[in-house]
Amino acid sequence: MTDALDRPLPVRDDPWALLRSATRARVALGRAGDALPTARELEFRAAHAAARDAVHQPLDPAAVRAALGDRELLEVHSAAPDRATYLQRPDLGRQLAEGTTLPRTEDDLAVVIADGLSPRAVHEHAAGLVGALLERLPGWSVAPLVLAAQARVALGDAVAAALGARAVVVLVGERPGLSSADSLGVYLTWDPRPGRIDSERNCVSNVRPPHGLSYGQAADTVAALLTAARELGASGVALKDEGPALPAGAY
Amino acid sequence: MSARRATLGGHTYEFPTLVELMAKATPLRSGDVLAGCAAASAAERVAAQTVLADLPLATFLDEQVVGYEEDDVTRLVLDTHDRAAFAPVASLTVGEFRDRLLAWAAAGDEAAISALAPGLTPEMVAATSKLMRNADLVAVGRRTRVVTGLRSTLGLPGTLASRLQPNHPTDDPLGVTASIVDGLLQGSGDAVIGINPATDSPARTVALLELVDEVIARYGIPTQSCVLAHVTTTLRALEQGAPVDLVFQSVAGTQGANRGFGVTLDLLAEARAGALALGRGTVGDNVTYFETGQGSALSADAHRGIGGRPVDQQTLEARAHGVARHFAPLLVNTVVGFIGPEYLYDGRQVLRAGLEDHFCGKLLGLPMGVDVCYTNHAEVDGDDTDALMLLLGAAGCTFLIAVPGADDVMLHYQSLSFTDVLTTRQVLGLRPAPEFEVWLARMDLLDDAGRVRELTADAPAARALLAAAAS
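Chains as they are written, first to last, in my numbering: chain A, 392 to 642; chain B, -3 to 467.
There could be a bad hint or two in this list.
[As the list claims (entries may be wrong)] Stretches of chain B that chain A covers, calculated by requiring three or more beta carbons in the stretch to come under 8 Å of a beta carbon on chain A:
| # | stretch |
| --- | --- |
| 1 | 23 to 37 |
| 2 | 163 to 177 |
| 3 | 368 to 374 |
| 4 | 407 to 420 |
| 5 | 450 to 458 |
[As the list claims (entries may be wrong)] Here are some of the chain B residues that sit facing chain A, going by a computed Cβ distance under 10 Å:
| # | residue |
| --- | --- |
| 6 | Y64 |
| 7 | L181 |
| 8 | Q251 |
| 9 | P337 |
| 10 | E338 |
| 11 | D377 |
| 12 | A402 |
| 13 | D403 |
| 14 | D404 |
| 15 | V423 |
| 16 | R447 |
| 17 | L462 |
| 18 | A465 |
| 19 | A466 |
Note that these hints are calculated values from the structure, not bench results. Glycine included, C-beta positions come from ideal geometry on N, C-alpha and C.
Build the full structure now, drawing on both the sequences and the hints.
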């Protein structure tokens, strides 16, 4: 301990800054008695409030439609009638609402935009990512876009099966963290049909410029994965092992 | 077997199997609804509780919830059951057992309650908890004594320890060290300094073990380290001669769910023997650490029992405790709000589950702690976790988990903060583990009243520990 005491501290004016610069964790917050000081407490609440609001903000189809311009957009709803049911019954979020009909277009690819756990992520990033992705897929026939409310990733399997598509890409709002309420994830499934399991999909997560992946970066990766999946006739673990290297930070 | 039925409000409810009876007697939670085993109405739930109250406790020795032939957890529980320890309560029904426990608790008879553990099965304590209100769970938990030790002694009356959880998104040594220093300066870490590694690589695990071992040795801290890697990774680290204090593993209440975790009972025994052989303890020789949590079996689709019927998640959780106790753990904790609202929907359900898990674990003889936590899509916030942490403090919980500012930047969920542990100790008059308290005093981290000081950065203790982060 004597050695440690003798060692000079590198940041003389505020030694706590040393801790803060070493990690994104909330270190050296100070104390008010045995609790957090008011300012730190309110910072934490603000981060939690942003995450909560991102989960509970209703999906706004008109806003998504406007952002997509003149692309055709079909709307579907999962079998979960409301947010509370959606959060407690993931099984319902994977099924289409009873009576849903979709045109059987038999294209190469279906693109499903799902609110997931962050409608905010869809509002902010879905149109940008869809545009970047479709630009990179000139040889693919793409079914009308589908916007899905109260939806989990696997709802894409049901949508794609109804459309008769050979592959599906699901853009889904990811579970908000305290520092990332607007992160979009992308899940790719070859030969999609109800009953596919997670290990049969490939995922690119944390699409949220400027802090996370850019639309271009994410679209490059997804387009490369789609091409590889078409060659292999499969997606998931097998594809990840043999497929193209993902750009740094993709996961 | 007499028909299990009860009449309530003119309606007769029947419960053809023990699996259904246990599930329908369970207080409402989303995971049981998802599994399709919850009571269909509030009245049916109370009817099930009424039937359960009249069931002889010994029924659980003859009639299984998960089959003996197909499940090694059931075999472990029944094959190691201690009839002599069970004798004092062998003639009671579940309802009478609840009453007896509450009477002992009110009289402060810790010895009578604590001696039962080897004679109780997970299903017995789960059934009893279903008849208890939250305050009952607190009152009995408080009088169930379980003391363990390695380099600190945990579970003594009037103490509340904490796990310091210095996780970092990339396991960066400086980042981890900064969080360790932050926690030590706020009096956390007496249960364990326990890191969830960002990857399960053996090399990373060894590096983190060496890092924490060096901090502990350098400052003479009477605590233990743990890197919460998979047990097979820890076995590799042991082979390489790494300083392993504790073998960690997540465990669940069915053989199938444990298979999903990639563990078998033999593997756990092998790893425990490896850590025990290192002889790293000073005050005890408990060298294992387990985490559990309601919903883990359902999420692994391994939650079915006799007749293929879904078993309620609270009974399965108690069975996970039945696995853990076989390996003489230093620490066990439930991670109560981690896996999301489809298992525990809101603050009310999380609160109830935390108290149940603590009660069941303690009664089965475990040094039970709790990770009081939540995700952003659950209907839970800091007010809910405050209530649970204070009730757990009152219930004599062995330890709570704490992370910097309640925000785990690696696992992306909220747990308690170091200041939350201080608040719980202060409000309830609880103290750290005795060896750790002596160390805090020696580091001049305590004031004259024994409280952890608010430090300025130029205080000698702060300088000493900040130097660890600087080096």
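Is the shortest C-beta separation between R447/B and chain A less than 10 Å? 8 Å, holds
Does the closest beta carbon of chain A sit nearer than 10 Å to the beta carbon of Q251/B? 21 Å, violated
When I compare C-beta atoms, does the stretch 163 to 177 of chain B have three or more residues closer than 8 Å to chain A? Three-residue rule met by the stretch 163 to 177 of chain B, so holds; n is 11.
Grab the minimum C-beta distance from P337/B to chain A and call the hint holds if it beats 10 Å, violated otherwise. 5 Å, holds
Going by Cβ atoms only, is A466/B closer than 10 Å to chain A? 6 Å, holds
May I ask you to test the interface hint for E338/B with respect to chain A, counting a Cβ-Cβ separation under 10 Å as satisfied? Check passed: Cβ of E338/B comes within 5 Å of chain A, closer than 10 Å.
Satisfaction of the A402/B interface hint, Cβ to chain A closer than 10 Å: A402/B check passes; min Cβ-Cβ to chain A is 7 Å, inside 10 Å.
8 Å C-beta criterion, at least three residues: is the stretch 450 to 458 of chain B covered by chain A: Three-residue rule met by the stretch 450 to 458 of chain B, so holds; n is 5.
Coverage of the stretch 23 to 37 of chain B by chain A (three or more Cβ within 8 Å): Holds: 3 residues of the stretch 23 to 37 of chain B have a Cβ under 8 Å from chain A.
Supplied contact hint for V423/B, tested at 10 Å Cβ to chain A: 8 Å, holds
Please verify that hint: L462/B, Cβ, nearest Cβ of chain A, below 10 Å or not. Where the cut-off is 10 Å and the nearest Cβ of chain A is about 5 Å from L462/B, the hint holds.
Cut-off 10 Å, beta-carbon criterion: hint that L181/B touches chain A: 9 Å, holds
Checked against the numbered hints above, the structure violates hints 6 and 8; every other hint is satisfied.
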